[in-house]
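K.L.:
Sequence:
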Amino acid sequence: MSKTLLFIVLFVVTFSAQAQDMASALSMINSPYEEECPVLSPDGKLLAFTITGHPNNFGGAKDHGDIWFSTWTGSEWSKPVHGGKMINNKYHNTVAGFSPDGTQMFLMGHYAAPGKEVTSQGLSVAIKNGDTWLAPVNITIPYFKNYSEYNTGFLSADGSALVYSAVGYNQAQVDLFVTTKVNGRWTEPKTLTSLNTPGHEVTPALGPEGRRLYFSSNGIDKDVSFDIYYSDRLDDTWQNWTKPVNMGPAVNSIGREYFYRPASIGAFYSATKNSDGYADLKFIPSRDTVEIPLTINPTEEIKVVSVDTLVRIDEVTYDKINAEGQTRIWGKVFNSKTNQVIPGATIHFTATTIYPATASAAGAYEIKVSGVEEYSVKVEAPGYIGEFERLDLRTQILKDLEMNFKLTPLEIGATINLKSVLFERSKPILLQSSYDELDMVADFMKENPKVEILLSGHTDNQGRHELNMKLSRERVNIVKEYLVKKGISAGRITSKGFGGTKPIADNDAEDTRALNRRVEFTITKD
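Numbering (numbering that gives the first Met the number 0), first residue to last: 0 to 525.
Calculated from the structure, these hints are not laboratory results. Do not rely on the hints blindly, as some may be mistaken.
[To be verified] Derived CB-CB ranges, DEER-like:
id: 1; residue 1: I353; residue 2: S74; range: 47 to 55 Å
id: 2; residue 1: T493; residue 2: A171; range: 40 to 48 Å
id: 3; residue 1: P99; residue 2: S26; range: 25 to 33 Å
id: 4; residue 1: A504; residue 2: N169; range: 21 to 29 Å
id: 5; residue 1: I411; residue 2: R327; range: 21 to 29 Å
id: 6; residue 1: E473; residue 2: K336; range: 28 to 36 Å
id: 7; residue 1: K336; residue 2: P448; range: 49 to 57 Å
id: 8; residue 1: K336; residue 2: A112; range: 18 to 26 Å
id: 9; residue 1: T118; residue 2: N506; range: 30 to 38 Å
[Unchecked claim] Derived DSSO-like pairs (lysine-lysine); straight-line CA-CA distance at most 27 Å:
id: 10; residue 1: K426; residue 2: K398
id: 11; residue 1: K495; residue 2: K485
id: 12; residue 1: K44; residue 2: K127
id: 13; residue 1: K398; residue 2: K445
id: 14; residue 1: K449; residue 2: K398
id: 15; residue 1: K115; residue 2: K495
id: 16; residue 1: K115; residue 2: K61
id: 17; residue 1: K127; residue 2: K180
id: 18; residue 1: K426; residue 2: K485
id: 19; residue 1: K189; residue 2: K78
id: 20; residue 1: K418; residue 2: K180
As the structure is a computational prediction, the values presented were derived from the model and not from experiment. Every residue gets a Cβ at the ideal spot worked out from N, C-alpha and C, and that includes glycine.
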């Protein structure tokens, strides 16, 4: 037998034995309570999952579900350890994925400081610090709203897409949604219309390449409870999919199956078959999901500890968390009208630390920032209207990033789209993420005391025209009130709502409709 063939045979035998061991060893984890949402760390040694109804949960037996951990010793799973009060609260707590190096754990839901109420929803990230995890940092996703009490989602391997299930506005069923990251910012979520049914579609997950979607449904076949299906994405719109395929009796049963999570040597999922009526964790070896052979060193001990100790994220230097530690950002600043460079423009990247830069005579800048934070970016120059951007580096690891900016000259008629000024859906209530850009507008008007502006509010064309007009007026007036509170004279600001009468993009698709929902200001006097 050739050495190559011998290696293949040994790998298959080792692979099968290891996968079988993992499957049989789940008896150490499964309990009389409900185990769900299993997510395996990239090195295959840490299994994060949620237990519902456990008396040791944050809210006791009535808690919707807390995150627990178990480690693989090489032959068995360790006794589950509660994740602690930093990553668990009274809401449904689940893991959405890990960064490729395992140092970041992404969580569905937002968190608040001890004693404070959670007032927002979305994704959050906890960063590993030795044997524990730092307090989760909330990640803003515009218009993210889930009217269900359950938070289930899955972050793609490259951190660029989040698929999740939720009850949307004015609906009863649970549907599938997706939000993607474009230029460091999360887009407004959109429904996966072609996959959703009048029933419930829940617990989505993506394969390693981000093309195959696994989910559970009771609306595709009315004769089943919840079965697991898969569908392949046909393009980058996230709206065109192949017909869902039932994964068959190897996975599905007369019970309920959900939370299918592909791993490097197979897949974990939850099922009620052969259980006590509550879901148990299952594992199925599957050559279809194998991308890279998983090697587990049984002699290497992995320590899992509770994370009850409060560690403030700004008390830890990021170089200790991320050995590389930094992202190099570079680019140029241009005049938006002439496309000429603007020497001397100032650029500030601000998170827990402010990173300043000044454009050279050639309009170029270069800066190195910590690679694990969300930044507000302000670009300013005398005689120009400042530019504001957001950059989120918490869900992707970048060594180099080119960011070019175009500033609009300060002159009558110049119009600026306030891209980060956002509202709660269908309400005149500012999202907290809007404040940084509005503060920049206030500072600009203080530095240019003769400037007067027209604030204009716009919606898409969905719904009744008169209601859209009313909403746009209310929203733009809220923006004006905010600027007045920041010390800008009300006499320098005129406000007007245009509803959906002045679109800047197509209203046929949700991604482009989102561009029409905006607040702008126009210089009326300089």
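K.L.:
Which earlier hints turn out false for this structure, listed by number in ascending order?
P.N.:
5, 7, 8, 10, 13, 14, 15 and 19
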